[in-house]
Structures are given as structure tokens and as C-alpha cells.
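**Q** So the chains spell out like this:
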Amino acid sequence: MERKQLCYFDELFRYELEDIVGKENVIYDHTEIDCDVVDVWWITRYNMFSYNDYPRAQAVVFPLDKHQVSKVVKLCAQYGVPVIPRGGGAGDSGGSTAPTGGIIMDTKKMDKVIALNEKSLTVRVQPGILQKHLEEYLNRHGYTMNHFPASYHTSTLGGFISTNGTGVLSSKYGKLIDMVHQLEVVMPDGRIFKSLPVNHHSAGPDLSKLFIGAEGTLGVVTEALIKVHPLPEKRNFLAYLLPDLKTGIEVGRQIMVNGLMPSIMRLYDKKDTVHILKKQYGLEGEGCFFMAGFDGKAKICDVQTELAKEIFDANGGQDLGDEHAKRWWQDRLKSYYPPLDYVCEPWMTAVTDTVAPYEAIENVYNAMKAAVESKYAAYGAVFHAHFSHWYDWGTSFYPTFLVKNVPEDEEEALRLYHSIITDCARVAIKNGSAMNEHHGVGIRFGRLMKEAYGEESYSVLQDIKNALDQDNMLNPGKLGFKL
Amino acid sequence: MFDQKTKETLKMCRCCFMCRHACPVFLTTKLDSNTPRGYALMLSRIDEGIVPMTDSVVDRLYECTQCGLCKILCAFDWQEDEVVRAGREEVVAAGRTPKNVNDALAVVEADYTLPVKDKEAVGKKNADVLYYGGREVAGDTELLTSVEKILSAAGVDYGVLEQEYQTGAELYELGLTDDAKAAAEKLAGAVNASGAKRIVTSCAHAYKAFKVLYPQFDITIKPRVQHISEYIGELLNAGKLKIKQAADKMVYAYHDPCQLGKGCGVYDAPRDAIKAVTGKAPQELFHAREEAECCGAGSAMYLTNHNLSMKMAERRIQGAVEDGTDVLVTACPNCHKIFSECGALKVMPLEKLVAEAL
Chain D
13 MERKQLCYFD ELFRYELEDI VGKENVIYDH TEIDCDVVDV WWITRYNMFS
63 YNDYPRAQAV VFPLDKHQVS KVVKLCAQYG VPVIPRGGGA GDSGGSTAPT
113 GGIIMDTKKM DKVIALNEKS LTVRVQPGIL QKHLEEYLNR HGYTMNHFPA
163 SYHTSTLGGF ISTNGTGVLS SKYGKLIDMV HQLEVVMPDG RIFKSLPVNH
213 HSAGPDLSKL FIGAEGTLGV VTEALIKVHP LPEKRNFLAY LLPDLKTGIE
263 VGRQIMVNGL MPSIMRLYDK KDTVHILKKQ YGLEGEGCFF MAGFDGKAKI
313 CDVQTELAKE IFDANGGQDL GDEHAKRWWQ DRLKSYYPPL DYVCEPWMTA
363 VTDTVAPYEA IENVYNAMKA AVESKYAAYG AVFHAHFSHW YDWGTSFYPT
413 FLVKNVPEDE EEALRLYHSI ITDCARVAIK NGSAMNEHHG VGIRFGRLMK
463 EAYGEESYSV LQDIKNALDQ DNMLNPGKLG FKL
Chain P
314 MFDQKTKETL KMCRCCFMCR HACPVFLTTK LDSNTPRGYA LMLSRIDEGI
364 VPMTDSVVDR LYECTQCGLC KILCAFDWQE DEVVRAGREE VVAAGRTPKN
414 VNDALAVVEA DYTLPVKDKE AVGKKNADVL YYGGREVAGD TELLTSVEKI
464 LSAAGVDYGV LEQEYQTGAE LYELGLTDDA KAAAEKLAGA VNASGAKRIV
514 TSCAHAYKAF KVLYPQFDIT IKPRVQHISE YIGELLNAGK LKIKQAADKM
564 VYAYHDPCQL GKGCGVYDAP RDAIKAVTGK APQELFHARE EAECCGAGSA
614 MYLTNHNLSM KMAERRIQGA VEDGTDVLVT ACPNCHKIFS ECGALKVMPL
664 EKLVAEAL
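Quick mapping for you: the protein sequence lines, in order, are chains D and P. Residues in the first sequence are numbered from 13 upward in steps of one, following our numbering. Residues in the second sequence are numbered from 314 upward in steps of one, following our numbering.
Where hints are given, some of them may not hold.
Facing chain P, a subset of chain D residues (Cβ under 8 Å, in silico) [stated by the list, open to error]:
| no. | residue |
| --- | --- |
| 1 | 41 |
| 2 | 349 |
| 3 | 350 |
Distance condition first, Cα-Cα at most 20 Å in a straight line; then the derived DMTMM-like pairs of lysine to aspartate or glutamate [what the hints assert, rightly or not]:
| no. | chain 1 | residue 1 | chain 2 | residue 2 |
| --- | --- | --- | --- | --- |
| 4 | P | 318 | D | 357 |
| 5 | D | 121 | D | 30 |
| 6 | P | 384 | D | 30 |
| 7 | D | 346 | P | 669 |
| 8 | P | 324 | D | 357 |
| 9 | D | 144 | P | 604 |
Quick caveat, the hints were computed from the structure, so don't treat them as lab data. Even for Gly, the Cβ is constructed at its ideal location relative to N, Cα and C.
Work the whole structure out from these sequences, hints included.
**A** What follows is the structure, encoded as C-alpha cells:
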């Protein structure tokens with residue numbers, strides 16, 4: 013007979029958990045827990061295939077509604093067990109992993125569409141719905157949320173809210189913070205908070221924004237009221253080759269500040285341009301590839317497209333027609349499947365997206381590129397980027413660094429990774445940029461939050477965390493919060 | 314542990330989440346260990362000697378219905394379903410076939426007879442058509458009666474095997490590859506010995522076995538192979554079946570069986586037959602054709618994990634109801650059996666729809 017090391021509190025905790033959500037919704041099975049150890053953060057992928065004993069949660073819990081979430085959170089506070097809210101678990105910063113143990117609170121069984129409001133164009137939804145399923149529901153009724161990130165197939169609405177995510181149409185439709193009208197959130201002490209029915213008001217600060225981007229550290233989102241749009245009458249595409257990146261950024265700026273409201277705006281640096289033109293479209297050319305798209309009412313789209321073309325032409329752009337951009341739109345998720353996606357390889361890679369005002373963004377790009385390619389040349393580090401989320405005050409770029417020859421020595425490999433991440437973040441911070449645009453900071457960048465904000469400003473965020481989560485049990489250690 | 318092709322698929326799939334949204338088992342359980350990525354992650358670590366194959370992993374491996382939707386939707390056609398099957402082969406080779414699977418084998422491997430009314434058809438040699446029902450049809454009197462009515466109405470010279478044997482397809486999916494080959498040879502021998510010019514089957518699994526699996530095993534089926542929906546289409550086109558079109562205003566929808574649709578690319582023949590009877594094309598379910606969700610009965614899961622199987626079926630039925638369906642027509646007796654158990658929607662096999670319209 014196998015001897016077990018007993019812990020009375022562990023057994024009682026399990027009994028009480030099962031009492032709240034049902035036995036079938038508390039999983040102690042290692043096969044499930046092991047799946048939740050790995051997200052897209054390179055560190056978790058690296059550790060998954062080592063012989064180390066990596067950190068893991070003690071259980072995965074599936075609540076079915078806000079009341080169960082509230083009871084579980086209160087129970088965990090009583091037992092001193094951290095709660096790590098998790099949606100799709102496809103983040104790239106370790107945000108929904110459990111490095112200090114605790115339970116994973118998996119929201120995927122809270123996936124109902126509660127109500128569609130066709131007059132005010134909103135939909136009330138639970139957070140565990142996969143984005144593709146929400147979009148399918150809306151499409152069947154003639155609507156769309158217009159949120160199409162790379163993780164469209166894989167991730168949940170709650171995850172996008174928690175990281176203030178962005179999709180490829182964000183230049184027109186915004187980030188999640190622009191799409192959320194109202195949030196319902198279970199607080200760390202179990203209270204259920206609901207923000208006001210609209211987010212444009214003067215009845216005090218809009219507290220819904222506190223939870224957007226908080227990565228589950230300040231509360232667990234249990235319901236959201238989201239903006240929707242009618243399916244567009246038309247979608248126009250255009251693609252140009254511009255002389256260089258500087259010109260490309262300027263063209264993008266002019267399109268945005270002149271109020272043309274493009275939905276798709278994608279500018280590729282020279283390295284990415286060669287890859288796209290040659291490998292994907294079989295074209296030869298020097299310069300920077302720029303795709304744009306307009307959607308909505310047909311007449312408006314056509315005028316917007318015409319005006320955008322004038323800007324491209326005035327800046328020395330070579331018109332490549334609309335076929336490439338149309339094809340990109342149809343196949344836009346293809347590059348996230350292996351073997352095109354690097355995640356299938358053991359290579360060291362990360363995206364260090366950042367966003368800055370127009371006067372700063374080119375400097376940030378050049379400095380980050382130099383930082384990676386010169387300092388880490390000995391490791392063969394490669395850096396390429398595209399600019400894909402545009403505002404009328406600035407833009408973001410999505411850089412990927414890649415090191416194929418990962419050092420065999422584990423300590424050297426980890427040091428190299430953290431060093432590149434730190435250098436990229438510091439370039440952003442030093443040049444007036446925010447160190448992440450839409451993936452969230454989790455653990456990966458969380459330790460640099462104090463640097464990004466400055467000690468005094470960061471202390472305000474820490475004070476909010478301390479006030480709302482006195483026991484520090486909601487996703488501890490993320491966003492740079494104390495462990 | 315695994316061959317190079319399997320290792321390559323494991324490597325590609327273990328960190329990829331892109332088909333999670335579609336896996337019907339995941340959509341029912343919401344467990345990441347029930348996704349193609351979950352299977353690849355577990356098997357990859359076992360293959361690399363990092364963790365052992367635990368009983369829990371073995372149980373998970375038998376919670377896949379082998380519907381193939383993951384590979385259909387994959388932009389690069391990674392054969393995730395084959396990886397699960399390869400994992401099952403390892404389980405069997407290690408003598409660790411779980412009890413629920415062993416219990417199911419007793420049913421799968423049992424021989425049976427088709428209780429046809431026309432006793433002259435039993436064991437008939439050199440008929441134009443050999444009708445192969447499959448285990449589920451043998452237990453479904455209504456469906457079998459419908460088939461006999463159709464064949465008789467069309468004046469078809471048909472026979473059935475004196476004793477039917479399993480195709481081996483389920484054994485193959487469950488990881489018992491050698492036993493599957495032996496079963497396939499046995500059945501192929503009986504089919505070829507019948508001397509029939511064509512073999513017509515109601516069973517989607519059998520159809521795929523004859524068309525895809527047997528060539529893979531280098532086993533030849535001499536008669537021309539047709540699914541009953543294809544044969545009905547041929548009979549209708551030749552004017553051998555006279556249909557009284559249904560006058561009802563019911564909304565008929567069609568559920569694509571995985572092995573017939575995704576497995577063999579047969580999507581239109583059943584739809585054409587439904588149109589011939591009802592006067593209009595069946596309403597398309599939201600997830601249809603190659604994107605149709607599995608009924609839950611695949612890979613013998615109806616026997617190995619009836620609870621999970623039923624939940625998957627209920628999910629599919631709920632979707633059909635939300636799509637406004639009044640009658641769900643099926644072209645696979647496994648799908649028909651499990652959907653009928655759900656009870657929330659009228660379910661009708663294609664054979665019965667046609668037979669009642671004669």
C-alpha cells in the first residue's frame with residue numbers, strides 16, 4: 013500500500029472546493045494541470061522540455077457563474093491559496109501560470125452569450141467564450157465585434173479584457189478598452205462589482221478601466237457588455253511599396269491624423285518586407301511594404317480609399333494593387349500555425365511590442381533593433397518588425413527577436429533571454445514608449461513595471477493592489493506586484 | 314517510441330493552440346488535455362523520456378473520437394488524429410489497454426447476422442449488390458427494414474453476408490493495428506467470396522474502411538464500394554425509385570458523419586437524396602460539411618465512454634435546434650443511434666426518409 017503524506021487542510025480545501033463548483037469541476041489530474049503550465053512565454057516552453065520540476069498549480073477549478081467565482085475566491089483567501097484566473101492560456105508573458113502554486117481558475121465554462129442588444133449595438137457575454145465563437149454568434153445575427161487578434165481561435169474574451177488586447181482592425185475599432193461598455197468583476201474579497209451601464213459618464217471615475225489590462229490581479233471578470241457593429245457593406249484593400257521606414261511611418265501618420273479611419277494598417281520593415289514580398293507573394297522589391305484597408309458603408313470606404321491613395325502617391329509609393337492585402341486578410345492566421353510559427357521550435361524568441369507617439373516611434377524602433385542585433389550578434393540574434401496598430405497620436409510596432417542557437421548551458425540561456433527582454437523594455441522606456449502594446453506584461457515584463465512607471469507612480473498601482481487584495485492572493489507576482 | 318512522422322507532428326502541435334476552438338471533445342469538457350495540443354504535449358514529453366505514460370494520460374488518449382476535424386482545419390494538415398492513434402498503439406503494445414476499452418472490444422469483435430426479412434438474400438452469391446449493414450444496423454430493425462424496402466422497390470438483386478464481421482476500423486482507431494488487419498482480411502475475404510458486383514453500406518465507418526483503410530493495409534475489396542446515399546442517388550437518376558415528395562413544412566437539416574464527410578469527401582449525395590424527398594436542399598447546420606462537429610460516437614466512444622459521448626451528442630443536437638431544425642437526418646447508424654438517445658430533436662436516418670417517401 014502506498015503511503016501518502018497527509019495534510020488535513022489540503023483535504024478540507026478540496027472538499028469545500030468541490031462543494032462549491034461540483035466534483036467534476038475540480039481537476040487534480042496532472043494531465044490537465046501540466047497543460048496549464050505552458051503558455052506562449054518562452055520560459056514555460058523551455059522548462060516544459062527540461063528535466064526540471066517546474067512550478068504548477070495544485071488544481072484547476074471551473075466555476076460556472078459569478079456566485080461560484082465569489083465563493084471560490086473567498087475560500088481561497090481563507091486557506092491562503094492563490095487564485096490564477098485563466099482563459100485561453102495563450103498569453104506570452106506567463107500571466108496565467110501558477111509559479112507560486114495555488115489554483116487555476118479556468119473561466120472557459122462561463123462561455124454564454126447572455127443578450128444581444130440590436131438597438132444600442134451591444135452584446136452581454138461571459139468571459140470564458142472563445143473569441144471565434146463570439147464572432148460566429150454575432151455574424152449569425154449580422155454583427156461583428158471587429159476584434160481579430162492572432163489568438164482569435166485560441167483565446168477568451170476575458171483574457172483579451174485582462175490584457176487590454178488589440179486585433180488587426182484596431183486602427184479603426186480600438187483596443188478592448190474601447191470596446192467595453194460595462195464590466196462585472198468578482199473582487200479579491202468576493203464582493204461582486206459592476207460598473208455603470210455606460211462608460212462615458214461623469215458619475216465618478218470609470219472603474220471598469222481599472223480591470224482592463226490588470227491581468228486578473230485586481231479582480232476576476234465575470235461578465236462584460238461589449239460594443240458590436242453591423243457587418244460591413246464593403247471592405248477595400250490596398251498595398252504599396254514605400255522607399256523606407258521613415259516614409260512609411262509618415263504616410264501612416266498622415267492617414268490617421270487626416271481622419272481617414274482605416275481599419276487595416278500594416279507597415280513592414282525592410283527585413284519583413286523581403287520575406288513577405290519574396291516568400292509570400294513572389295515579388296522582388298526594395299523598401300517597406302504597407303497594407304491598408306477600409307471597411308463599412310461602401311460610399312464612405314471608397315472615398316477613404318481614394319484619399320489614402322493620394323497620400324501614398326504623394327510620398328513616392330508604388331501601387332501594388334489590392335490582391336496582396338486581400339490575400340493577407342483571407343490567410344491572416346496562417347502564419348500562426350507551425351511550421352510558420354516559431355513556437356513549435358525550441359528557438360529563443362519573443363515579441364516585444366511597444367507603442368509610442370509619432371515623434372518617438374522611429375527612434376524606439378532603431379534603438380531596439382540596434383540593441384538586439386549588435387549586442388547579441390554573437391548569438392546570431394535576428395530582429396524584424398511590423399507596425400500594425402495606429403492611432404492619431406502614434407503607432408505601435410511588433411518586433412520579434414529570434415535566437416536559433418540557444419546556448420546549451422541552461423543558466424546562460426535563461427540569462428540571455430532575460431537580458432534581451434530587459435534591453436528591449438529599457439529601450440522603450442528610455443525613448444518615451446510604453447513597454448507593451450497588447451500582450452500584457454505578466455511575469456516577463458512585470459519586473460520592469462517600476463522602471464516603466466518610476467517608483468513613485470508605480471507605488472500608486474501597488475497601493476491599489478494592496479487595498480483591493482489585502483491577502484495578495486489574486487494572480488500574485490504578476491504586473492510586478494509583490495509576491 | 315514514435316516514428317519520425319509522429320515525432321514531427323508532436324513537435325508541431327505541442328505548443329499550438331490553433332485548432333482548440335473546433336475540437337468537439339474539448340468543447341464538451343473544456344479540458345486542455347482534451348485538445349490536440351494537450352495530446353501532443355503529453356505524448357511529446359513521454360516520448361522524450363521526461364515523464365512516464367500514466368494511467369491518466371492513457372484515459373485521455375481514449376477520449377478522442379478520431380473525427381479528424383483538427384487536421385482538416387489545420388493550415389498545414391498536421392495529422393493530429395494519427396498522433397493520438399499512435400499513442401494508443403503504444404498503450405496496447407505495453408499491455409495497458411484500459412478496462413473500458415477492453416470491455417468495448419467484446420462488443421466490437423462479436424460477429425452478428427443482419428436480421429433481414431428476405432431470407433433468400435442471406436448468403437446469396439453473385440448478386441448485383443452485397444448490402445453490408447454493420448453492427449449498429451444489425452440492431453436497428455427500423456433502419457434495416459427501410460433499406461430492404463428501398464432495394465425491393467428498385468428491384469435490386471441483393472444479398473447479405475451469412476454472417477457479418479467487423480471491418481477492423483474501430484480496432485485500428487483504438488490502437489490494435491495488427492488485430493485490425495486480421496479483421497479486415499477476414500471481412501474482405503467474405504466480401505470478395507460473395508461474388509457481388511458492388512457493395513453498398515449504410516455504415517460510414519465501413520465505407521471509409523473499404524475506401525481508405527483497406528488500401529492502406531494492401532487489402533483489395535473487389536466489388537465497387539458505395540455508400541447507401543450514393544446508391545440511392547443512382548437509383549433515383551435511373552428512375553428506379555419513385556418518390557412522393559413530402560408535403561410537410563418541416564425544416565430538415567443534415568448532419569455530416571465524420572467518416573463519410575471529412576473521411577471520404579461525400580457531402581452531396583446525402584443532400585441530393587434529402588432534396589429528392591423533401592423538395593428542397595436541407596438547411597445547412599452552422600458547422601457543416603468538413604467543419605461538422607462529431608456526434609460523439611466515433612472511435613467506439615459510444616461504448617468506451619458513453620457519458621462523454623452523450624454530452625457531445627447533446628451539444629450537437631442543441632446546435633441543430635438553435636439552427637431551427639425540426640428533423641435531423643443522418644447517414645451513419647452510429648450518429649443516428651446516439652442522437653436518438655438525446656431525445657431533444659426528431660432524428661431520422663436517410664434510409665427511413667427515403668423509404669417512407671416511396
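**Q** It remains to establish, for every hint, whether it holds in the given structure.
**A** Here is what the structure says about each hint:
no. : hint             : in the structure
1   : 41               : 5 Å, holds
2   : 349              : 4 Å, holds
3   : 350              : 4 Å, holds
4   : 318(P) to 357(D) : 16 Å, holds
5   : 121(D) to 30(D)  : 15 Å, holds
6   : 384(P) to 30(D)  : 36 Å, violated
7   : 346(D) to 669(P) : 47 Å, violated
8   : 324(P) to 357(D) : 7 Å, holds
9   : 144(D) to 604(P) : 14 Å, holds
Violated hints, listed in ascending order, are 6 and 7; each of the other numbered hints is respected by the structure.
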